[in-house]
Amino acid sequence: MTDLNKLTLAEARDGLRRGQFSATELTRALLAAIESANTSLNAYVLPTPEIALRQAQASDARLAKGEARPLEGLPLGIKDLYCTKGVRTTACSAILDAFTPTYESTVTQNLWDAGAVMLGKLNNDEFAMGSSNETSCFGPVTNPWRRRGSNVALVPGGSSGGSSSAVAADLCLAATATDTGGSIRQPAAITGTVGIKPTYGRCSRWGIVAFASSLDQAGPITKTVRDAAIMLRHMASVDPKDSTSVDAPVPDYEAVLGQGVQGLKVGVPKEYRMDGMPREIEALWQQGIAWLKAAGATIHDVSLPHTKYALPAYYIVAPAECSSNLARYDGVRYGLRKSGTDLIDGYETTRRAGFGAEVRRRVLIGTYVLSAGYYDAYYLKAQKVRTLIKRDFDEAYRTVDVLLTPTTPGPAFGIGEVGGDPVQMYLNDIFTVTVNMAGLPGISVPAGLSSEGTPLGLQLIGKPFGEETLFRAAQAIEDAAGRFTVPARWWAR
Amino acid sequence: MQKNTAAKTLVRGATGDWEVVIGLEVHAQVASRAKLFSGASTEFGGEPNSHVSLVDAAMPGMLPVINAACIAQAVRTGLGLKAKINLTSVFDRKNYFYPDLPQGYQISQYKSPIVGAGEVEVDVDGDTLKVGIERLHLEQDAGKSVHDQHPEYSYVDLNRSGVALMEIVSRPDMRSAKQAQAYVSKLRTILRYLGTCDGDMERGNLRADVNVSVRKPGGEFGTRCEIKNVNSIRFIGQAIEAEARRQIDLIEDGGQIEQETRLFDPARNETRSMRSKEEAHDYRYFPDPDLLPLELTQDYVDALKKDLPELPDAKKQRFVGSYKLSAYDADVLVAERESAEFFEAVAKGRDGKTAANWVINELFGRLNKESLEIATSPVSAGQLGAIIDLIGSGAISGKIAKDVFEIVWSEGGDPAEIVERRGLTQVTDTGAIETAVDQVVAANPDKVSQVKAKPALLGWFVGQVMKSTGGKANPQAVNEVLKRKLGI
Numbered sequence: 001m002t003d004l005n006k007l008t009l010a011e012a013r014d015g016l017r018r019g020q021f022s023a024t025e026l027t028r029a030l031l032a033a034i035e036s037a038n039t040s041l042n043a044y045v046l047p048t049p050e051i052a053l054r055q056a057q058a059s060d061a062r063l064a065k066g067e068a069r070p071l072e073g074l075p076l077g078i079k080d081l082y083c084t085k086g087v088r089t090t091a092c093s094a095i096l097d098a099f100t101p102t103y104e105s106t107v108t109q110n111l112w113d114a115g116a117v118m119l120g121k122l123n124n125d126e127f128a129m130g131s132s133n134e135t136s137c138f139g140p141v142t143n144p145w146r147r148r149g150s151n152v153a154l155v156p157g158g159s160s161g162g163s164s165s166a167v168a169a170d171l172c173l174a175a176t177a178t179d180t181g182g183s184i185r186q187p188a189a190i191t192g193t194v195g196i197k198p199t200y201g202r203c204s205r206w207g208i209v210a211f212a213s214s215l216d217q218a219g220p221i222t223k224t225v226r227d228a229a230i231m232l233r234h235m236a237s238v239d240p241k242d243s244t245s246v247d248a249p250v251p252d253y254e255a256v257l258g259q260g261v262q263g264l265k266v267g268v269p270k271e272y273r274m275d276g277m278p279r280e281i282e283a284l285w286q287q288g289i290a291w292l293k294a295a296g297a298t299i300h301d302v303s304l305p306h307t308k309y310a311l312p313a314y315y316i317v318a319p320a321e322c323s324s325n326l327a328r329y330d331g332v333r334y335g336l337r338k339s340g341t342d343l344i345d346g347y348e349t350t351r352r353a354g355f356g357a358e359v360r361r362r363v364l365i366g367t368y369v370l371s372a373g374y375y376d377a378y379y380l381k382a383q384k385v386r387t388l389i390k391r392d393f394d395e396a397y398r399t400v401d402v403l404l405t406p407t408t409p410g411p412a413f414g415i416g417e418v419g420g421d422p423v424q425m426y427l428n429d430i431f432t433v434t435v436n437m438a439g440l441p442g443i444s445v446p447a448g449l450s451s452e453g454t455p456l457g458l459q460l461i462g463k464p465f466g467e468e469t470l471f472r473a474a475q476a477i478e479d480a481a482g483r484f485t486v487p488a489r490w491w492a493r
Numbered sequence: 001m002q003k004n005t006a007a008k009t010l011v012r013g014a015t016g017d018w019e020v021v022i023g024l025e026v027h028a029q030v031a032s033r034a035k036l037f038s039g040a041s042t043e044f045g046g047e048p049n050s051h052v053s054l055v056d057a058a059m060p061g062m063l064p065v066i067n068a069a070c071i072a073q074a075v076r077t078g079l080g081l082k083a084k085i086n087l088t089s090v091f092d093r094k095n096y097f098y099p100d101l102p103q104g105y106q107i108s109q110y111k112s113p114i115v116g117a118g119e120v121e122v123d124v125d126g127d128t129l130k131v132g133i134e135r136l137h138l139e140q141d142a143g144k145s146v147h148d149q150h151p152e153y154s155y156v157d158l159n160r161s162g163v164a165l166m167e168i169v170s171r172p173d174m175r176s177a178k179q180a181q182a183y184v185s186k187l188r189t190i191l192r193y194l195g196t197c198d199g200d201m202e203r204g205n206l207r208a209d210v211n212v213s214v215r216k217p218g219g220e221f222g223t224r225c226e227i228k229n230v231n232s233i234r235f236i237g238q239a240i241e242a243e244a245r246r247q248i249d250l251i252e253d254g255g256q257i258e259q260e261t262r263l264f265d266p267a268r269n270e271t272r273s274m275r276s277k278e279e280a281h282d283y284r285y286f287p288d289p290d291l292l293p294l295e296l297t298q299d300y301v302d303a304l305k306k307d308l309p310e311l312p313d314a315k316k317q318r319f320v321g322s323y324k325l326s327a328y329d330a331d332v333l334v335a336e337r338e339s340a341e342f343f344e345a346v347a348k349g350r351d352g353k354t355a356a357n358w359v360i361n362e363l364f365g366r367l368n369k370e371s372l373e374i375a376t377s378p379v380s381a382g383q384l385g386a387i388i389d390l391i392g393s394g395a396i397s398g399k400i401a402k403d404v405f406e407i408v409w410s411e412g413g414d415p416a417e418i419v420e421r422r423g424l425t426q427v428t429d430t431g432a433i434e435t436a437v438d439q440v441v442a443a444n445p446d447k448v449s450q451v452k453a454k455p456a457l458l459g460w461f462v463g464q465v466m467k468s469t470g471g472k473a474n475p476q477a478v479n480e481v482l483k484r485k486l487g488i
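Line by line, the protein sequences are chains A and B. The working numbering puts the first sequence at residues 1 to 493. The working numbering puts the second sequence at residues 1 to 488.
The hints are simulated quantities; they were obtained by calculation from the structure and are not laboratory data. Since this is a predicted model, take the numbers as computed values, not measurements. A hint or two may mislead.
[As the list claims (entries may be wrong)] Under the rule of at most 20 Å between Cα atoms (straight-line distance), these lysine to aspartate or glutamate pairs were calculated in the DMTMM-like manner: (1) A:K338 with B:E295; (2) A:K241 with B:E295; (3) B:K111 with A:D252; (4) B:K94 with A:D376; (5) A:K338 with B:D100.
[As the list claims (entries may be wrong)] Per the computed footprint, the stretches of chain B lying under chain A, defined by three or more beta-carbons under 8 Å from a beta-carbon of chain A, are: (6) 56-64; (7) 289-303.
[Stated by the list, open to error] Anything over 10 Å on all C-beta distances counts as not near chain A; from chain B, calculated: (8) R93; (9) N95; (10) F97; (11) P102; (12) E279; (13) A432; (14) L457; (15) A477.
All residues carry an ideal CB built from backbone N, CA and C; glycine is no exception.
Could you build all of it, start to finish, from the sequences and the hints given here?
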């Protein structure tokens, strides 16, 4: 059977159950796809074919015995932010060097326990700091999508750029990702894939390299809404090792997909209609509204008045937490060590050599905003803004069930195009950071193509633990918009 | 009863009297099997880096989880200090770089500690001083840097990394080294009663940062210096005296005190500058986003309160009231929970004062001489009680009792059996006593003539009779016979 790698997660699951192909065949197809694509796309920083084939064989044995677990034999890519036991984990930072954890993150352990197969570790922005996957110490990832009639290399978004690129290019059936300010939804949007950041606390953060603890959340990037529902169910869990994980039952998200959106109240926040918003983004948004209305939802104008403060506040809170979270990378116990003339020089030399420019920038910003004399003006004020943003959403959810917005202000841009000005890069997160600041679930679903022929996504934002509603609404959009697959496999060798 | 401005605590300088103002931050290791945020053991003396979890070593992606046992210990301590328990408290990160601090930050409580204001009553020279407690918060201990193992490298031992500490901050209510020592000693007693800290200062499980300033009596507070990490009660006293003297001399010579952190050097009996205020770290405190605010219920606190043991102040009052002990004796007995329990076992069904005398004078005296703890006393409470019973029944005299005590101390055994077997039972047979008295009276006619005018000489006669009976005569009977024979 050819092109097994092009199957969706659900299709592959059903095919395995029916015995149409084996897990080993499926895994080999994906490993071959990775082999032929990775030089061009750089989506994987460490393929793990031996592990994949070993797991696939074990899955085949279980399938043969009729003991298949929910994700039995399904090959996945794992963002390199997830610690994987015995497999190098770097967060795509030189500071971690060849660090190999002796432990497995809770989320990936959940996936292996459900029978999934690991294809390898996926590229990402260094410590998940970036919106283009250009800050990785392993170099940038390329988006499999190209502008119509152009061979300019485009970014796959970030920070989960390896995940979005690999899913869009059929180099895995689905991928894990993480989202601190948009790092699942933005890359999903500009690669034509589905990405959901669940409610803060839905997935355990234990064993995931921390960027900003109060904002970080694990989630999947997948080919379809159904696949996202399947993945999230098996990633989510309460975890006694993560005090911020929440003890709430994990629903069967897949079961709600057919329920439709009849009577669903969809809010459209007027503050997301930014000055200078490209016409095609506005048009996409209107199209989304029309689809949901046609499917039986009602549309309501809502106001989230503090939206404009979200991005500046985010760029205080996230760097503040990262400046502290990254203090452990000091060259003393693991990872890169550069010797210095004395202790302080050793720290400085190691961290200068190990951290890239964007990480250094954020550590410096974070250190500054927490410093004596600046704390109240920056960090404390940003936390107050955060409270106001949460309150905005609470208010809106008194009248609506879900919010609809664009995911990004534009389509994929070229590698190196937004290099100089970090603020331009940060603006990519303008529609996504509010969701992290409020701890809410958000999903990006492909909705159309830009004038350049590259994908665009719409974002649905839910109530806390309102993932089921998100999947229902996202399914309605997917049903109306159809799937967006890469037209030409230019990367294959 | 605030006696801390009393003239006797003032220090004389060249320009007159000075008042020393002292506040303490005591770091007490929480008695707990596991660390504050990890399951690693807190056992002392393990091989270096043998009690280190992934969390303690700050591996990537590791998260702290609060150890409920440590929270209970902090709350119990707060209750023992008669302090306000804050039902909501917050863990913050205190950020700084050091090799023995793997996370690059210490998890501590900055703005919202678990315990608020409380009070400790301290007896000093017969006065009761109330020392205010400002707060108690929980924090992680750091690891240990080892500098003497390799010519070029320093080693790091993370066994202590993450062990729970309680930092107990007093108000600046002490005015002399003696008061500060008495406060630490009382605090230690309370912690040991509660079982929330073993108070072992030699292992560093209890240590203090001492804040010292001086001022003219009644004047404004002076600039304070903080003496870091003083690890014995004796050194606390010495450090305060040396630092107060340094500050007074400096001011009187026209100098100014700079706010700074200092270290005490016991060998030279002086404090030395460690870092100035300008060099002080900016710790960039902020709430730890890995930990939710700690919420306790009043029911939880009440349940812990119900199970608190009797604390030294209450026990002392009870000893004075029920056993009619002097305040001083009661103080001595309640200083350690084990001593108080030993005493009560001895006193049960016996005269309290007699029991206290024996425990304090004989037993403690002997234990001190041999540097033994009450827990390892060769004489048990039961044995000591039996000795006292033998005196009470008239079987032996107080003097013989001390001999019996010595025998039990070195050889063990049942006191009654020892008395029986060795023939130590005192002579109460009046006939034998009368014979002995007659002999003494006959041999000392000069003393007999003097005793009528000076009845105090009777004691001399008693002594002579006791001597001639080998100490076994019942002193009371000897007394009576002598009085009769001598006609007094």
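Now for the hints, and whether the structure bears them out:
1. As the CA atoms of K338 of chain A and E295 of chain B are separated by approximately 43 Å, the hinted pair breaks the 20 Å bound.
2. Proximity of K241 of chain A to E295 of chain B is assessed by CA-CA distance (about 18 Å); at most 20 Å being required, the pair is judged to hold.
3. The hinted pair formed by K111 of chain B and D252 of chain A fails the criterion: a straight-line CA distance of about 42 Å is larger than 20 Å.
4. Straight-line distance between C-alpha atoms of K94 of chain B and D376 of chain A comes to about 16 Å, which keeps the hinted pair within the 20 Å bound.
5. Restraint check for K338 of chain A and D100 of chain B: the C-alpha separation of about 18 Å stays at or below 20 Å, so the hint holds.
6. Under the rule that three or more residues need a Cβ within less than 8 Å of chain A, the assignment of the stretch 56-64 of chain B holds, with 8 such residues.
7. With a threshold of 8 Å between beta carbons, the proposed coverage of the stretch 289-303 of chain B by chain A holds, since 4 of its residues qualify and at least three are required.
8. Its beta-carbon lying about 5 Å from the closest one in chain A, R93 of chain B breaks the requirement of being farther than 10 Å from that chain.
9. Once the 10 Å rule is applied to beta carbons, N95 of chain B is inconsistent with being away from chain A; the minimum gap is 5 Å.
10. Residue-level check failed: F97 of chain B sits 6 Å from the nearest beta carbon of chain A, not beyond 10 Å.
11. At roughly 6 Å from the closest C-beta of chain A, the C-beta of P102 of chain B falls inside 10 Å, breaking its exclusion from the interface.
12. No beta-carbon of chain A comes within 10 Å of the beta-carbon of E279 of chain B; the shortest separation is about 13 Å.
13. With a least CB separation of 80 Å from chain A, A432 of chain B remains clear of the 10 Å interface cut-off, as annotated.
14. For L457 of chain B, the condition that its CB be more than 10 Å from all CB atoms of chain A holds, with the nearest at approximately 80 Å.
15. The beta carbon of A477 of chain B is kept farther than 10 Å from every beta carbon of chain A, the shortest such distance being approximately 75 Å.
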